[in-house]
Amino acid sequence: MHRDTSAAALRSFAAGDPFMSIGTNSENILPQSVSTDVNQRLTPSQLVTALQRQHPDWVSEIVEALGEVTVTVPAAHIVNVCEELKTGAHTRFDFLSDICGADRGVEEEPRFEVNYHLFSTTWHHRLRLKVLLNEGEAHVPTVTSVWRTANWHERETFDLMGVVFDGHPDLRRILLPDDWQGHALRKDFPLRGYEPYSLK
Amino acid sequence: MSAVNIPPQFEIVDRPLDTQMTISMGPQHPSTHGVLRLELVLDGEMVVKATPDIGYLHTGMEKLFEYKKYQQGIVITDRMDYLNPLGNNLAYVMAVEKLLELEIPERAQTIRVLMCELQRIASHLVWLGTHALDIGAMSVFFYCFREREKILNLIEAASGGRLTPSYFRIGGLMMDLPSGFERRVRQFQDGFIKAVDEFHVLLTGNSIFRGRTQGVGVITAEDAIDWGLSGPCLRGSGVNLDIRRANPYASYETYDFDVPVEQDCDVWARYMVRMREMKESHKIVAQALGRLKPGPVKADAPKVVLPDREAMKTHMDALIHHFLIVAEGFDVPAGEVYHPIEASKGELGVYVKSDGGPKPSRVHFRGPSFVNLSALPHMSEGAMVADIVAIIGSLDIVLGEIDR
Chain A
427 MHRDTSAAAL RSFAAGDPFM SIGTNSENIL PQSVSTDVNQ RLTPSQLVTA
477 LQRQHPDWVS EIVEALGEVT VTVPAAHIVN VCEELKTGAH TRFDFLSDIC
527 GADRGVEEEP RFEVNYHLFS TTWHHRLRLK VLLNEGEAHV PTVTSVWRTA
577 NWHERETFDL MGVVFDGHPD LRRILLPDDW QGHALRKDFP LRGYEPYSLK
Chain B
157 MSAVNIPPQF EIVDRPLDTQ MTISMGPQHP STHGVLRLEL VLDGEMVVKA
207 TPDIGYLHTG MEKLFEYKKY QQGIVITDRM DYLNPLGNNL AYVMAVEKLL
257 ELEIPERAQT IRVLMCELQR IASHLVWLGT HALDIGAMSV FFYCFREREK
307 ILNLIEAASG GRLTPSYFRI GGLMMDLPSG FERRVRQFQD GFIKAVDEFH
357 VLLTGNSIFR GRTQGVGVIT AEDAIDWGLS GPCLRGSGVN LDIRRANPYA
407 SYETYDFDVP VEQDCDVWAR YMVRMREMKE SHKIVAQALG RLKPGPVKAD
457 APKVVLPDRE AMKTHMDALI HHFLIVAEGF DVPAGEVYHP IEASKGELGV
507 YVKSDGGPKP SRVHFRGPSF VNLSALPHMS EGAMVADIVA IIGSLDIVLG
557 EIDR
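Heads up: the sequence lines are chains A and B, in that order. Numbering follows this note's numbering, in which position 49 of the first sequence is assigned residue number 475; successive positions increment by one, without gaps. Numbering follows this note's numbering, in which position 302 of the second sequence is assigned residue number 458; successive positions increment by one, without gaps.
Treat the hints with caution; some may be incorrect.
[To be verified] Estimated spans, in silico, between C-beta atoms of each pair:
#1 K205(B) x K613(A): 29 to 39 Å
#2 Q607(A) x K435(B): 45 to 55 Å
#3 P595(A) x E312(B): 21 to 31 Å
It should be emphasised that the hints constitute simulated quantities derived from the structure, not laboratory data. Using N, Cα and C, we set each Cβ at its ideal position, and we do this for glycine too.
Could you put together the complete structure from these sequences and hints?
Below, the structure written as structure tokens:
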């Protein structure tokens, strides 16, 4: 597991050269002339390190484990990050595979996480974005403006996990009936529901 | 002076007719492939807006995973996309194996590829039969189910179950193939190319079928990517993308096969992609058969994989491992993975999050049918009511996977 402490990245950002090679970790070293050759394939970890250098406040943590890269993004910046990753020449994450929520546990704080699984049809690489949310403020801006496929994924996450996607065009329950009470995939929701049934 | 006093509600008013009509299609409509309800806003026979209403089959499977041990979850995956259960098994066990960082023996990998490609053919055969039936060609159905039955018999021979095999286990397979299995697969293989040609004779040259499918349900490549379409639906829109090639798994990178792509973006293109895919799967099955060499079918991980029956009866440690796996399960290191595979309908992704115990903390399935169906309103705008049936058929949805 690798964590980028970003202090070096910040220094490099301040020096005005976001792609200057830094540190000793070979995985984080970008080619000097990264902006000229758009045909070169970069690994997801190189891409997110570059993103962190350009926008240090967009990325709070980078975790690499089991061959997958996870970027934790503050909820306020998720739309900016998604747009940047979708349009950048080296990233081209134009395909949103999946959005899924997870409940880390009733006592945990932040309690909820929303995972965005991105895929690039050009470069064939994958990336996971993660937004952490406290129980009291389980709101995250919608990314339906970036990918239209996010519509149903966000409705499903709202339905089962109770995360509200601000600005969503049609945020209704999708799998459970409209008059269902509670959010079924939360850890404090009983497996058999509330007896005799959970409808109003 | 009028003799009759007309009450105001019966007074004839000259106002324009309200031409739009909302009708509910399903959930018991036979062509909605399960229990899908569509709310159609029609202007005459033209569809103004189609809104899918899903959830009739929701059984809380993702919740159930959190209460079951990892190995018990395999049984649940069979019941999601019930036309492609081995694909679901594969996606789930590979995600857990990724968390455990297990090495799978070569023979097990080859058998997985072999069985998955047979299952892909079986799934496409159900699609073809029902799609043609929806459009009005009844006889195709019988030809397809005749061939599918042969595959189900093969799956039953290997696993004991026709529709719910649960054949792939974490760390390998339930058991090795039965004797004579390869001969039976070859028998099926020999007749299958002729059968595909039969399907082509029945449908491809049929002018009614062409008229019902060509130019219907058009979605451009950009829109298809934006809507997250995957599998044959995406390749029917001219995007050359197959996860077996883009992110290879289960040693697919070593197999020689083509990825069929069609440029027409309509129902016809998706039909042609699947018809060609069946022949490609046939090719992969032949290659996998040639690679089958004797060897173990379970990984060398005694704390995860159940021991052989014989070893359990004769070795103390095997008996202890067996007891512990069954009674308490095995701990999976904390972490999270997303494992996508190319199922028969598109990208089937499994997200598994572990917090270190014998039960997962969260399991999520990205069903290809779920995402493909979400593009239906886009594809059916301006279509005729009868075309909706053709478009749903071309998406090849399975409601068990959409509602989970």
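Status of each hint after checking the structure:
1. K205(B) x K613(A): 29 to 39 Å: Taking Cβ atoms as reference, K205(B) and K613(A) lie about 38 Å apart, which means the hint holds.
2. Q607(A) x K435(B): 45 to 55 Å: Taking Cβ atoms as reference, Q607(A) and K435(B) lie about 51 Å apart, which means the hint holds.
3. P595(A) x E312(B): 21 to 31 Å: violated (47 Å)
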